[in-house]
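Undergrad: The primary structure of each chain is shown beneath.
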Amino acid sequence: MIFESGMKRIARFAAIALLAAAWAASPAMAQTIKIGAPLALTGGLADEGKKQQIAYDMWLKRVNAAGGINVGGKRMKVELVQYDYQTNEQRAQQLAEKLIVDDKVNFLLAPFGSGHTKVVAGVAERYGVPVMATSASSDSIFNQGYKYLFGTLAPNSGSVENLITVITKQMPSARRIAILGREDVFPKAMATVMNDAAKKVGLQVISMELYPVGALDLSTPISKIKALAPDWIYITGYSKDLVLARKQMADLGVKAPVITMITGPVYKEFIDSLGPLAEGVTSASWWHHSAQYKGDDPWGTTKAFYDEFVAREKSEPDYVHAAAAAALVALQKAIEKAGTLDKAKVRDALAALDIVTFYGPIKFSANGMNGGRDLPIIQVQGGKPVLLYPENIKQANLKSAQ
Amino acid sequence: MEYAQVIANGLMLGAIYACIAVGFSLVWGVLNVINMMHGSFIILGGYLTFFAWLHLKINPFVALVPVAAVLFALGYLIQYTLINRVVSRPVLTTLTLTFGLDMILYNFMNLGFTATPRRVLLDLGRLDLGGVILPLDRVVAMFLALALTGILFVVMRTSRTGRAIVAVRMDRDAAALMGIRVNRVYAITFGIGALMAGACGALVSVVFPITTSVTGLFLGKAFVICVIGGLGSVPGALVGGIALGLIESLAGYFFGPQSAILAGFLIMLILLVVRPTGLIGKKGYE
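From first to last, the protein sequence lines stand for chains A and B. Taking the working numbering, I'd label the letters of the first sequence as residues 1 to 402. Taking the working numbering, I'd label the letters of the second sequence as residues 1 to 286.
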């Protein structure tokens, strides 16, 4: 009996304490802006997920060190709520829901890649929460009619068109192209976009094949390409696939004047793990640190972003880092412009945004994608990626990959 | 000529597949434990080889020996201290345990090595046999994989330990009555399974990029190979591995790379229905 009443007392005390804590915490909570981020920190996309995490953290530290974001004249600190969704699409969906319902985040960041972005964007749309896509570039995500989805990457077709321009201009003999793509949202889109764009400009697509996500070995499709002797080999996939593909091309003695890998050479690890084999591989990218911009954002210049990254990570930033940080910059600018945390108003401010940042210009088209920019084309020369395009900032001319 | 190339590709891949599966098959057959850690063991072996090459400049084919020894010790320890406690329980219990252990191992590797794909830069060139190209690193890996599988076969046939393992597989209780220390045999068997995974990881690191994200792929291959070839025997893994390599290679050639993996699973399903013991498995181990 005594025990029971004791328990009751403890329970009552706990309830009061909780209430008091909630009351005490509520004004403090109103001071922070909560941004939710489901991240792939383990599983197949762990590498990419960690890149996003680094960029988010860089932005967060800069913004909070400056006192936070200016919301209608009041500085508010930012809090990032992160969860590991283990590269599991279903978990990404559940966590997006949890972030909105339980953690009551004001805004969301989408995971890496077009596929998982689509899932999270679907949830965000239902609740009317603005969601920033940091690395989705497939039109199929942005043509769903989502009102709350904004992405910092430009459409796939833009980079492929630039690539074709550079190659056909500087190596007009490359007419016969073989395409091999990974059967996955973004790499597949890049393969089909190339298939269509190449045909449009009169190039001859001599083979177009897709390999499955779980492919461990690519000797068969590469042997097939060898038999066709193309002038231009165009392969899409993630770093692991492309390292394997390039190695197996060398193993099987497959050569071509132009070898393009989307987005292999953009990543440092691609060049590191291929060594001399990476030489001459061309790629399209959304951002490259040698394209310098001055902008109104926590870094101010591309160089400042690059220098901070190099000092912190002892490696070079790639487009994933830049586009992830840029997504937060865009959100920050939209909040400042809207002067409120009201989701619909911030959404409208995002839609009307027109700024230049360290990452380049950000202006979302009607479908939510960052509009036309001069997307860079790069090639590995002398063990480093160099810029072949845009013309006004190019560092080298195209070299044969043979 | 193209067909010859496709078949050569399949055979080289198949030998590596056999090596991937043989340790997994042994553990499953003898201990009735489905070792979910097998894929992670292979990748751990791959990473150890990679770092030995990167920092100590040790040739991966040489590093294979110490790497295999380290993995043996790890496997022995895991079985002796953890799995032996539940080894006679239903297969679901041990499966859950190894699944949990795999998550721990996987995440430690992710933390320590990051998921960034890495590759040993050992490009040995290639052999041109009248138009059929054989990459030398794959050829060496293939022969080593076959040699390892062969050594294991001989050890199982002729050594005292090997006979004890076979005895335990046939009848655990009778083996115990004959004076075989069953728990020790279990630990040795699991150790050998891990050893084969580690050695295979060293070979894999020469041929494929190493990253934690492929552990599940290797485990999946091991499953399919065991079902195709038959469980618990060295020849079964060898036949299953080479069969899968050829199936994937030929299906990829004729029906496109998308169908290669599908074909492997289809043949596995068909075999499960018409010949559950696998191509050369014995009844009682299906």
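Since the hints were derived computationally from the structure, they do not count as laboratory data. A hint or two may mislead.
So the derived label-pair ranges between C-beta atoms look like this [as the list claims (entries may be wrong)]:
#	chain 1	residue 1	chain 2	residue 2	range
1	A	Gln144	B	Gly100	36 to 42 Å
2	A	Pro212	B	Lys57	51 to 57 Å
3	A	Gly253	B	Gly100	42 to 48 Å
4	A	Gly145	B	Leu136	52 to 58 Å
5	A	Gln94	B	Ile58	28 to 34 Å
6	B	Ala147	A	Gly371	26 to 32 Å
7	B	His55	A	Lys384	21 to 27 Å
8	B	Asp128	A	Gln204	44 to 50 Å
All residues carry an ideal CB built from backbone N, CA and C; glycine is no exception.
Undergrad: Do the beta carbons of A:Gln94 and B:Ile58 sit within 28 to 34 Å of each other?
TA: Distance hint for A:Gln94, B:Ile58 is violated at roughly 45 Å.
Undergrad: 36 to 42 Å was suggested as the range; check whether the CB atoms of A:Gln144 and B:Gly100 agree with it.
TA: 38 Å, holds
Undergrad: Is the hinted range of 42 to 48 Å satisfied by the C-beta distance from A:Gly253 to B:Gly100?
TA: 45 Å, holds
Undergrad: Taking 26 to 32 Å as the hint, is the beta-carbon distance of B:Ala147 and A:Gly371 inside that range?
TA: 59 Å, violated
Undergrad: Holds or violated: 44 to 50 Å for the Cβ distance of B:Asp128 and A:Gln204?
TA: About 28 Å separates the Cβ atoms of B:Asp128 and A:Gln204, which means 44 to 50 Å is violated.
Undergrad: Are A:Gly145 and B:Leu136 spaced within 52 to 58 Å by their CB atoms?
TA: 54 Å, holds
Undergrad: Are B:His55 and A:Lys384 spaced within 21 to 27 Å by their CB atoms?
TA: 24 Å, holds
Undergrad: Taking the CB of A:Pro212 and the CB of B:Lys57, does the distance hold inside 51 to 57 Å?
TA: 36 Å, violated
Figure legend: structure checked against the earlier numbered hints; hints not met, in rising order: 2, 5, 6, 8.
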